[in-house]
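Following the hints, position chain B with the ligand against chain A.
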Amino acid sequence: MKIYVCCKQVPDVAMTIQIKDGKFISEGMNYVLNAYDASCVEEALVLKEKYGAEVTLVLIGDEAGKEALRKGLAMGADNAFHISDPALNNLGSQAAAKVLQAFFKGRDFDFILTGKQAQDSDMGLAGGILSGLLNLPYVTNAVGLDVQDKMIVVKRQGDEGVEVLHMPMPSLITCSNDMNDPRIPSLKGIMASKKKPMEQVSLTDLGLSADEVLKESQKSSLKSFGLPPARKAGAKIEGDAQTLVATLMEKLTKEAKVL
Amino acid sequence: MNKIVSALGKFSLLLPGMPGFEAFERDVVLKLTPEAVLRPHTKMELLEIVKICQKEKIPYTATACRTSVTGASVSDRGILISLEKLNRVLTRPEPHRYGMSVQAEAGIMLKDFQKAVEDKGYFYPPDPTSWEEIQLGGSVATNATGENSYHYGSSRNYILGLEYIDKNGNLVWLERNLNPLNLPKQKNLAGYSLELEPLDLLIGSEGTLGIITEIKALLLPKPNAFLSLMLFVKNETEALRLAQRLDQHKQSLHLICLEYMDEPATQFIKKRSSRFFVPQGCSSLYIKTETPEGKTVEEFEDEFLQLVCELYSQSISMSPELIDHSILAKDYLELLEFRRMRHHVPATINEISVVNQKTGGGKVSSDWWVPIEHLVEHFAWMREEIKKLNLPSAIFGHIGNGHPHVNIMPKTAEEKQASIEFTKKCMLRAASLGGGVCGEHGLGKIKTWALPLQWDQVSIDKMKSVKAEWDPEGLAAPGNIFV
Ligand SMILES: Cc1cc2nc3c(=O)[nH]c(=O)nc-3n(C[C@H](O)[C@H](O)[C@H](O)COP(=O)(O)OP(=O)(O)OC[C@H]3O[C@@H](n4cnc5c(N)ncnc54)[C@H](O)[C@@H]3O)c2cc1C
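Protein chains in written order, with the working numbering: chain A, 101 to 359; chain B, 8 to 490.
Next up, chain B with everything else stripped away, as it sits in the complex:
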């Protein structure tokens, strides 16, 4: 502590016990107390702080809004550096060889950044569920994805350039050469992206390769109107088959999002919804489509509904009453209602978890994904495993990306351990099918054990050598990604 005060005392230090400090001790899952928190007002101040840390060998972890669910943004080693004051949009939207681009500081809130570009007539697609409460820098450092990633891909697909502070305390600009829209639009694999460009190492690096200071983002033209449809389906197998059929018609339906809720998850929304009727005992799919250029919403709506109904009725066991109850959201408030409804599912699971924690249980959630062609078979296998576990569960999520969030809700410590073992098995199997062990939340500090489930030792060694080259003293976000 004395070392930190003497080295960094000229900056305004937030120390344990001071008002406002507590907020920096927790992310969603971990409580860790850093020695101090620094909130630089300018990039130069930030640079100076990092230089001192490097000289004095003080570990430093970048922190944004601490919505990480892995402990990535909190630390009990060295200091936390909050980027919250570096929050400006730096340029107007400008032409770029891959479209329009805009540059901003990493600490800007994602929602403010999105609003700023929207006001200029553009669109920055990444839309994690937590979009209202995170920073642009946090979203890039985790390569955040959301429900629309089914069509738009991850944050990576919209990053044209990054500035970061390197191991010698210099600001380094990394520009992208390839068109990011042509990169695979897939969910995350654990660890670093070794096969792409240098800036891709930083995207999703969870703070371990240095602090990102500025971001040049690719903007798209503002999309046309959206339609959202919630389809009720009798059982899981039918829902997954329908999801696969919808996926096959992704282009003609202009689908941008394809989500699933199993029966327990669908019943959670039933309790909350006064604006539509949720039939008993069914699962649901939630899809979103974007009106194509040159068509009015009404023209497209007719076409869209007709094709969806056709695909729905292709299965004999689909019951016609259920499609009648399906609901369509068109305007802002209805679309928002759908979004909130979906948000209500994890919120309910968290409430159950809090109750379960009192008896040693909680919830065990997973973040694995599989290529969609393996979905039905992987689900069938997983359901057998859940049967053996004999514990309550709820599954919802990005089925179009083969990425459901599977939640087991154990009541005791013993049940919790069994749930963790089950989750590991799912992850391992997902990786062996060509998928990933953590689609969107990263590894942080609590899932470092999952890296070898995804990668062989040769790849892990390569990642470690990247870390050693970029951050030889191991000062940046220690404890994230690697054990």
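One chain only, chain A, in its complex shape:
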């Protein structure tokens, strides 16, 4: 089996996000593998261990992206493609899908996994658009994967519960981070990852021009960043149980008007 995992590098969620004049300040940020993509890598590796597979990572990004790829390789992926070009900075979902479409052109694979969204923008669009461009069957929000009789068995979290779908190969599946707990790389994995192939791919290699990418990028653009408004301080009610209930009832009926 040949499994491709599309990855993205995102700022480490632990760090304080700083925004100035509507722009995200990237200096001093650490970039890590998007948690949803880490779950994709983990699931692909489990399938590899079960049935045998080649797990390939693809990432569009600058130098910081290499570290995210290295992480996936250290977890156990076999090889990686790093698509990098000055024209590819701050890509929108549409443009990213277009670049990936060019990358997958003529490639042989059984399925593509992507995170259901990225932790930075939380858009959740690239996977869907890519499946459209590649004309592939598509499932979102997978929480479990297996392979049976040349079909991919996908458990997806739907609104009403978990749905089980049998998908043909090739397909594109976007994965939830509820699917698994991604492994933490061992020292052996880390050392091995430094020797694993990571191929650099430019826009020219993909037969795309900077203008084409720009045009796609403009279809949707991010106007500005802002921090969520600070939450208003809550009201604290004190007293014995009777006073508490009475005050709460009053607030719920008169102020919040929910009762």
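Misleading hints may appear alongside valid ones.
No more than 30 Å apart at the CA atoms, straight line, and that leaves these computed lysine-lysine pairs for DSS-like [said to hold, decoys possible]:
no., chain 1, residue 1, chain 2, residue 2
1, A, 288, B, 278
2, B, 50, A, 332
3, B, 92, B, 127
4, B, 122, A, 332
5, A, 166, A, 296
6, A, 294, B, 241
7, B, 229, A, 120
Now the stretches of chain A that chain B is said to cover, found in silico as 3 or more residues with beta-carbon under 8 Å [to be verified]:
no., region
8, 216–222
9, 282–293
10, 318–332
In case anyone wonders, no lab produced these hints; they're calculated from the structure.
The C-beta atom is built at its ideal place from N, Cα and C for all residues, glycine as well.
Frame of chain A, contents of chain B with the ligand only:
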């Protein structure tokens, strides 16, 4: 009781039986019922309460979040005063001759305080395992330490000034003269720090010298990225030797934390971990390093791993498969996983203890430390003693500070008594090697007997005279530290 109601009745009193009172009756080890709990809204209200207590001779104990494991924060004598409502950061980070400083009220939660300074681009290092559930004031009154104390030292190293309420009910500000970063970065000795500055008496005083109201803390610039490595090692002697070698290379490895888990403790994490493989039958070291200025994480990672592997392979009996299984955490979620994993060890021991309590046993934990050069020899002696005890044990903790938490898990009352005797022997020997009998938890009410294990009578008398001078009526946190 009547005396308290008549003296303090104008404040809102939380009395036994009222909703919310129960939470003030327990810390982690003791249940003691105070006559009333007061939760002043302002510093002036607090001051008034303390003045009345002093006039009426009502004992008062400051209480923060009651995570003390010594009974220090609960009392059945007089009242408890909770600082929970005095929880504001009072200043912006400001330049100070020793760096940047910030002032806050003592009742602020440590995690809120740390987040507030982090949002301004700074870092307040003290990191006890209980950091999410304690107050800044509680951490200062116990001189709390954590896994990063190996590099950063204890709370004391970050205190520039303190305000407290003195024996006459006055607010007194104590400013530090010396640079706190130059003070020894060692774990606690029991009792008061007699050799340093006046505010050092209050740090670690467990509420016995008065209530701390405000704290001026020293801030550091935010550190660079961390890397954490869990190294599996065949046996204890090898692990301790490796710890000593890592310690010798502390500077070039930029180590900030050096922790040990013996075989039983390491196997506890095996049961919990789905994210990495824990080999059978081994012990482990857990180290953390901070990327130095001017280097990228990747550049430093290569250098760091190379040196660690070299140190690891310097011992012939180290098995290469084990180093292969060692795991490296780099991003927030992985680092958090490591932290939780470590937290899982005491949690498991507590679960075993609860089961053992049903048959009269429980757990007997110790908090002694020795200078690291004595570690291997002290451990060898201790293992012989544990063999004689013939009881299950698990050891984990701050090996870089020579400070392991040794837990014996007796099933019966008789076994428990033997475990206590064993622990006393360890403490006495640790003190004689230049270490301490309680590295981080203090004496509180349940370990007052340990003071003479640490100090001679002359020193204890000096501490008693400090207490008599600062709190002549013995009203502040009675029962803590001294019998
Ligand atoms: C799971 C767990 C892990 C722990 N890990 C660590 C650890 O890694 N390192 C460590 O050092 N400790 C540790 N502890 C012990 C404990 O959390 C610390 O001692 C902590 O600093 C106590 O903070 P607190 O807010 O709960 O204070 P409390 O327990 O409420 O009070 C502790 C002492 O401080 C006094 N006090 C509180 N506030 C004031 C004030 N404003 N003025 C004067 N005196 C005051 C009290 O009278 C009492 O004597 C741990 C405890 C638990 C339960």
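Structure-based check of each hint:
1. 288(A) x 278(B): 22 Å, holds
2. 50(B) x 332(A): Distance ~25 Å between residue 50(B) and residue 332(A) Cα, so the pair holds.
3. 92(B) x 127(B): 23 Å, holds
4. 122(B) x 332(A): Since the Cα atoms of residue 122(B) and residue 332(A) sit roughly 18 Å apart, the hinted pair holds (cutoff 30 Å).
5. 166(A) x 296(A): Satisfied, since the Cα-Cα distance of roughly 12 Å is no more than 30 Å.
6. 294(A) x 241(B): Holds: residue 294(A) and residue 241(B) sit about 27 Å apart, inside 30 Å.
7. 229(B) x 120(A): 19 Å, holds
8. 216–222: As far as the region 216–222 of chain A goes, the hint is violated, because 0 residues have Cβ atoms under 8 Å from chain B.
9. 282–293: holds (count 9)
10. 318–332: violated (count 0)
Violated hints for the displayed structure, listed by number in ascending order: 8 and 10.
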